[in-house]
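Please put together the full structure from these sequences, using the hints given.
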Amino acid sequence: MGQLDDAGAAVRKRALLPLALLALALAASPARAHVGSPNVFYDGDAGPYPVRVIVRPPAVVPGLAEITVRVKEGEADGVTVQPVQWRAGTKGAPPPDAAQPVPGDPELWSAQLWFMEQSSYSVRVHVKGPAGEGTAQVPVSVVPARILKMDVGMGAVLLGLGVFLFAGALTLVHAAVRESVLAPGEAPDTGRRTRARVVTALAGLFLALLLWGGKGWWDGIDSRAQEAIFKPFGVETAAGFDGGQRVLTLKIEDERSREWTPLMPDHGKLMHMFLVREPGLDAFAHLHPVPQQKKEELRAALPPLPAGTYRVYADVVHESGFPQTLVDTVTLPAAPAAEGARGTLAPDPDDSWRQASPIAKASGPAESPLEGGGTMLWHREPLAANRETTLRFEVRGADGGPVYLEPYMGMLSHAVVTRDDGKVFVHLHPMGSINMAAQQVFTRTAGAGAAAMDHSAHSRHAGHGAPSVVSFPYEFPEPGRYRLWVQVKSGGRVETGVFDAEVASTEPLPE
Amino acid sequence: MAIYLGGVLGGICGGYLALKTTFAGSAAERGAAVRFWGFRAPFGAWVAIWGAFAMLTSAPFDDWWHSAYGLDVEILSPPHTVLAAGMIAIPVGTMLLALALQNRAAAGEGRALSLAHLYSAGLVLLMVRVMITEYSYPNEQRTALFYQVCCGVFPLLLAAMARSSRLPWAATRMAAFYMLVTCAMVWILPLFPAQPLLGPINTPLDHMVPPSFPLLLVVPALAIDLVLQRREGKRAGWLDAALMGAGFLALLLAAQWLFSAFLLSPASRNWFFAGDNVWDYSSTPGDWQYEFWNQDNPVTLRGLGIALLLAVASTRLGLWWGNWMTRVRR
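So the protein sequences, as listed, match chains C and F. Using this note's numbering, the first residue of the first sequence is number 40, and each one after it goes up by one. Using this note's numbering, the first residue of the second sequence is number 13, and each one after it goes up by one.
Incorrect hints may have been included.
[What the hints assert, rightly or not] Derived contacts from chain F toward chain C, CB cut-off under 8 Å, selection only:
| id | residue |
| --- | --- |
| 1 | Val59 |
| 2 | Pro72 |
| 3 | Pro90 |
| 4 | Leu179 |
| 5 | Trp181 |
| 6 | Gly211 |
| 7 | Trp332 |
[As the list claims (entries may be wrong)] Negatives, chain F to chain C, calculated, CB over 12 Å:
| id | residue |
| --- | --- |
| 8 | Val20 |
| 9 | Lys32 |
| 10 | Val46 |
| 11 | Ala53 |
| 12 | Ile61 |
| 13 | Thr93 |
| 14 | Ala124 |
| 15 | Ser126 |
| 16 | Arg178 |
| 17 | Met197 |
| 18 | Leu201 |
| 19 | Pro216 |
| 20 | Ser277 |
| 21 | Ser280 |
| 22 | Gly315 |
[Unchecked claim] Ranges of calculated distance between the beta carbons of each label pair, as one might list FRET restraints:
| id | chain 1 | residue 1 | chain 2 | residue 2 | range |
| --- | --- | --- | --- | --- | --- |
| 23 | C | Ala222 | F | Asn282 | 51 to 61 Å |
| 24 | F | Trp49 | C | Ile186 | 33 to 43 Å |
| 25 | C | Ala137 | F | Pro90 | 50 to 60 Å |
| 26 | F | Leu31 | C | Gly243 | 53 to 63 Å |
| 27 | C | Ala543 | F | Pro205 | 34 to 44 Å |
| 28 | F | Ala124 | C | Lys254 | 36 to 46 Å |
| 29 | F | Leu31 | C | Lys254 | 49 to 59 Å |
| 30 | C | Glu335 | F | Phe204 | 44 to 54 Å |
Hints in this document: simulated from the structure, not taken from any laboratory. Positions of the beta carbon are idealized from the N, C-alpha and C atoms, including for glycine.
The following block contains the structure:
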């Protein structure tokens, strides 16, 4: 919130003065557990109704979010949505807004919600119908993400109107001096006409100076808005040796970290770190660094990954329910011959990694061999940017038959989606892109009607029947070449399927 | 929408006057008009038309502004400044129409017109107060900035309107109109039930929130009237501006310094002064609501010096404007 409480504006101060104090103890400023993939997806249940909720958060704050709710089974009579800010809770939430049915699609409801502060929110979705009623909490973090540039058409219109007003103002001055004080019917003499021209010229100069001052004012507002655009915490990642063991260290180096609420575990881990080797995205790891002496310094034992430069994406979530993805790159040295033999840092039992061929030029095969002998199949659908889709994968054992999937860190599956240039990264679960720890924060504060769910059981149940099928709701934000790592656990072993996809470009959905 | 409707109405009235005078006006009507890009209309009509265009221009600009930077965090933004210029131009245009009639009338006539002029001027004061809301909460009234902002804007309007009015105590009456209309809002708005539709709601509300109690502008306006009365209708100049500016600042400081402390005290927490009833849904209740803010910019001699310069310059501009308005006849 620091970027908002600089000026002396009292309206802002009304809201923010108390926050200036609160911010010292709490983390209100949001980040997002993604890179370049801001929309939030949730597949889950609102009481007796399975729903898919998509929240397209505003890119500016305060701003308007677009929300769609698909009631996948059962008939809903009414759907409401309500923005619940983590600090204010449901008590301080505005009354719910009724979502409207979308004509032509009996399952779909849509609504818009104002988010007034940058903060950690939950969209409380309430569905009512003949089968009863129920609520789902969809956590969303709202931050200023960009400043809209003025397009040429709008610029031309405003410039034209501005020139018109400028010329009109000068004509007013001219008419005021030239004629307005004359008795009706009297014509201005030469002296008056000359004076009118001189005063108009001076007024032109004065107006130009005012406009110049106005431009400076606008530039100031723009640069403050640029500074307010959310950036995740700065981190420094380094790989080295500790007694012959390869170790990765991530240091959070950001002043905000002292003011924000502490990190909380998500799926039982304080940090989920993903390493992706550049440029071919041919090596991948999912690690769980833990704090050592200092809480800002987290370390993990490195698995047997090849040397090279890796992109680092570290997902964390604050106690406010605010998730963020910390981003860096790191160069891994070659592994020693007998890695781990003398290591003092125990690897996390849920760490996993995978090597594969470099990312394909076009969409790769729909089948990925697993290291345990089985295969993972991708039931592909045509992929286009900004279009809702379900990524569906089936796991088969070495014998070609179905396998029984076990929860992997509380979820039936984890998927990581990244574009070849690293500008898009997201960590998905069968229940979507929402952060589960954040959901628990809101579920705890919401009380009745939103009891905590066993997501592994839910996901299997909602995973479209077959125990060896997992699916993820998603919408690719940009066209391009993507690689997907899909992780499941079977027979006590974590398996990672690797897939490549070419995502076509489409027009963005109408707002 | 009501704001823009007001603008459009003002523009349509002005436009009607322009078309009628240009194409169907009598010789007398055309003679009492000014020329503007080939058309003819009374000067005030052109000001109102310009105001309507400025307001309409601000609409797409403001819309873009919200999508670029978010919904208004501040009242005073570039598109709102364009809107305010238009909103102020419309009553100013109306006043000029009335003034041209007043100035053509014989002395002693047109008292109702003069009162209407001062009432409109009071509404302009109210709009200006809305624009400077962020600098003029009671909590801000012990900062140098508050006195500088007030001295920059109010003497201009008070001096101009008082100078151009034929009524005595014009600045004081105009300030009284501003105070009365604001007081009406303070007393009437809370009677309407209302509920915040945005969140987070830190202050639960079940009624409309009024603006703060008005500034006691009748007090500093006295300084302007007193100096003007000594001029007996002669053209006012720099010396008058200096006297009025200094008097305005001194009386404003005396009035608001004391009154702001009262508004922040428990004694003001009633329906009349609404000292505790001005906080919107987003305000988190706390001691800060009843404290003076921004004490890193306190009222110092240097700060008051700047306020004095602004008051004198603003008054001088107002007198120029007012001198001209006494002579407007079209």
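Worksheet entry | Hint numbers contradicted by this structure | 4, 5, 7, 10, 11, 12, 13, 19, 25, 26, 27 and 29
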